[in-house]
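Asker: Read off the chains here:
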Amino acid sequence: MIMHKTNKLLFLIALFTIELFTLKYAHAHHVLGRPSYSLNEDSNTPPAIQMETQIGDYLVNVMVFPAFPQPNEPGRISFYASHLDTAIPFDGNITFMVSNNSWMNWLGFESLKEKIGVQKIDDNVYRQGFLFKTEGDYIITAEFHAGGQPYIIDFPLRIGARAPIGALGITVSILFLILASVSLIQRKRAMTGKIQNTHEQNNQQGKQL
Amino acid sequence: MTMTHPGLPMAWGISVCLFMALTTIWFFVRSNAAAVSSTRHFDLMTLPVIGSVLHYITTHNWILIVLKLVFAGLFLLIIWAGLFGTPIAERNIATVFTWNLWWSGLIVAVFFIGSAWCAVCPWNSIARWLVHPRLSNYKFSNSLGLKVPKTLRTLWPALWLFVGLTWLELGFGITTDPYATALLALVMIIITTTSMALFERQAFCQYFCPVGRTIGFYSQLAPVELRPQSKDVCINCTSLDCYYGTDKISPCPTHQVMGRMTQNTYCLSCGNCSQSCPYDNVTWRLRPPSAEAVQDARPHWDEAWFMVVLLALTSFHGITMMPFWENWMSTIARTIGDQGRLLVSFTIGLALSLLLVVLVYLAAVWMTKYLCHKTTTFKSLFSQFAFIALPLAFAYHLAHNLNHLTRESVDIGALLTNPLGTNTLPLTMAEKHDRMMDMVLAPNVLFGIQAGLLAFGFLISLLVIKRRSVNLISLDETNQVYLLPMLLFASVMTGAHLWLLMQPMVMRL
Ligand code: SF4
Ligand code: SF4
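Going down the list, the sequences are from chains A and B. Using this note's numbering, you'd call the opening residue of the first sequence number 1 and step up by one each time. Using this note's numbering, you'd call the opening residue of the second sequence number 1 and step up by one each time.
It is worth saying that the hints were derived from the structure and are not from the lab. Mixed in with the good hints, there may be bad ones.
Chain A side only, calculated, beta carbon under 8 angstroms to chain B, not exhaustive [said to hold, decoys possible]:
| # | residue |
| --- | --- |
| 1 | V125 |
| 2 | R162 |
| 3 | P164 |
| 4 | I174 |
| 5 | L179 |
| 6 | L184 |
| 7 | I185 |
Simulated crosslink set (DSSO-like; lysine-lysine; CA at most 27 angstroms straight-line) [stated by the list, open to error]:
| # | chain 1 | residue 1 | chain 2 | residue 2 |
| --- | --- | --- | --- | --- |
| 8 | A | K194 | B | K248 |
| 9 | A | K194 | B | K147 |
| 10 | A | K188 | B | K374 |
| 11 | A | K188 | B | K150 |
Pair ranges (Cβ atoms, derived) [stated by the list, open to error]:
| # | chain 1 | residue 1 | chain 2 | residue 2 | range |
| --- | --- | --- | --- | --- | --- |
| 12 | B | L152 | A | Q196 | 25 to 35 angstroms |
| 13 | A | T192 | B | G51 | 30 to 40 angstroms |
| 14 | A | G117 | B | V506 | 27 to 37 angstroms |
| 15 | B | V187 | A | I185 | 21 to 31 angstroms |
All C-beta atoms, glycine included, are put in the ideal place defined by N, C-alpha and C.
Construct the complete structure from the given sequences, taking the supplied hints into account.
Answerer: The following block contains the structure:
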């Protein structure tokens, strides 16, 4: 059934309102880092995902080892936060959490977070180990409080390689489906045309007789 | 550490401002009547050697087929590398070729060769080969050949798809994700094939393709055009083979009738008309690059919106590569409590940026209407003056992309020998630094070109205002106050672009 224009508008407004309300209203410092792959100049460790960002009063640096973590293989997050003005490292507790990085999450809907651990500073760095059983896209959240304000840092983490065959398979199937359907309709059209032609020819012959 | 490119030095900024001031004076001194002139052309086919080569290329299909095969092969390699190669963006041919070379270089290419890209567009070629499985030209036959529904026969679909592409590029961060780049390429093949299988000719190119429409509009400012050698021959032509095609050559994919063509916007440079014209009457010509935007192109409501949004999106591109953008995102996210990939915050940022430019333009149109006291409708003023947006957008887009092209050098040899980036390591900071320093152009030459481009964009926008106002308002020399709002709009946009260019810009990879 075609939705009436006003209903459509109301539906959109409702959706927008729900979306707004589901967004957690928080006065937290919050940032999302996009990972870039970079070699750490100070170490000879294998490639690491590295993210550097400024959030509130802090400069945050996150690294994930190894660069391409696999399921059932241990990995490690190194987290470093220093005050922008004084360059003094943050000294407190940092909570690391993980959640699924799904479409819902991209739209701002919060997915269930699972705590991985709470870490204390160790040689100016917060280190958090992890081990994922299943491959997929995750969001790691690091949370701490400083100067009476919460700080939340999210960064995406991919565990395991993506499935290239799946993407190719889906594309080929869709293309096949489209072309096959069009071909079928074309044939049907041609048939109808032929039948119509024969019918018209018969009619004309009948008239001539 | 985030690496940034230096911005345009102050001296260049001041030079552009001085140029703007001088041209503004000239703008008011120049008579309105002088703005009305016919465009001069030069027929490239009449040149001794170049003419014959060009004629051979445009009338023989095999060269185009070879080029199409090369581009389609490269495109498939990009998909393959994106799906199976390293996720390190700067080591994978998918991300480097797509975003560093093609996407940046495409706009620069339009400046010289107009919409030539569309002639070899790989997703379009692949779709054609799938729907009409023959390599050479064909009559459109294996498609349902439906007419595009009237509501879709506008540029709104392309406009929204372009906004979507920008969202994917800058919000989703597809430029640093080889896998997502490959997925986008696959999606392009799917939608182009679907459109070709359903609709007549190349409906996707004409109405939906954000890349093609952007190139189409920018190529209004290209110095080349495909036009009839003699209009009279077209007027007396009864077969209209360019429009209907022949047994061997397919018709114009975007419904252009050569004899009536006044703008490049929908020409895909496919060369069908050159091959099908029985009088050999189609030729490539040189012209002043501003001719079409200034006076030849006809205004349309949907096209006007496309141009204004194109300008807004171009400025937005620049904003997102400023070091302060991350902080803005962070502030929006804090305010609304956004989290995860901050896509809601990005979407809000994008919407606000678009809205701002559109509102400033609407205000300028409204003020013009108020000042000129004429019966000219708001819609015609909006559509006519929207051509101002083209040179402003194109100039900044080119200047911005030149930064990517010349400062983010790419090791093409390494990428071609190892397109999947197998067993490669990420770039070290030192390598990134080396690449940034290894510029294709000397910094001052680059700065000069960038400043020149902004000045060029501003100058053309003034010509557009002058010429289009004659169409709409009057040839009145004494009272030109009604031109002020549009002049202000062009100045504000150029000023904003200049300021953006003067800021340090974040390196893409
Ligand atoms: S309009 Fe788009 S799909 Fe068509 S040829 Fe040009 S780039 Fe390709
Ligand atoms: S056939 Fe149409 S799209 Fe192709 S070159 Fe001629 S005018 Fe342009």
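Asker: Compare the structure with each hint and give your call.
Answerer: Right, here's what the structure says about each hint:
Hint on V125/A is violated. Least Cβ distance to chain B is approximately 17 angstroms, over the 8 angstroms limit. Proximity of R162/A to chain B holds as hinted, the smallest CB-CB distance being about 5 angstroms (cut-off 8 angstroms). A distance limit of 8 angstroms between C-beta atoms decides the matter here; for P164/A the minimum to chain B is near 3 angstroms, and the interface restraint holds. For the restraint placing I174/A at the interface with chain B, the shortest Cβ-Cβ distance is roughly 5 angstroms, inside the 8 angstroms limit, so the hint holds.
For L179/A, the interface hint holds, since its Cβ comes within 8 angstroms of a Cβ in chain B; the closest pair sits about 6 angstroms apart. With 8 angstroms as the threshold, the beta carbon of L184/A stays out of range of chain B, its nearest partner Cβ sitting at about 11 angstroms, so the hint is violated. The beta carbon of I185/A comes within 6 angstroms of a beta carbon in chain B, closer than 8 angstroms, and the hint placing it at the interface holds. Taken as a hint, the K194/A and K248/B pair is honoured in the structure, with Cα atoms around 25 angstroms apart against an allowance of 27 angstroms.
Restraint check for K194/A and K147/B: the C-alpha separation of about 23 angstroms stays at or below 27 angstroms, so the hint holds. Taking the CA atoms of K188/A and K374/B, the gap is about 58 angstroms. The hint is violated against a cut of 27 angstroms. With a C-alpha separation of about 26 angstroms, the suggested pairing of K188/A with K150/B holds against the 27 angstroms cut-off. The given range of 25 to 35 angstroms is respected by L152/B and Q196/A, whose C-beta atoms sit roughly 30 angstroms from each other.
A beta carbon spacing of about 51 angstroms between T192/A and G51/B contradicts the range 30 to 40 angstroms that was offered as a hint. Range check, G117/A to V506/B: about 33 angstroms between beta-carbon atoms, so the 27 to 37 angstroms window is met. Separation of V187/B from I185/A is about 24 angstroms and conforms to the stated range, judged on CB atoms against 21 to 31 angstroms.
Hints 1, 6, 10 and 13, counting from the list given before, are not met by this structure.
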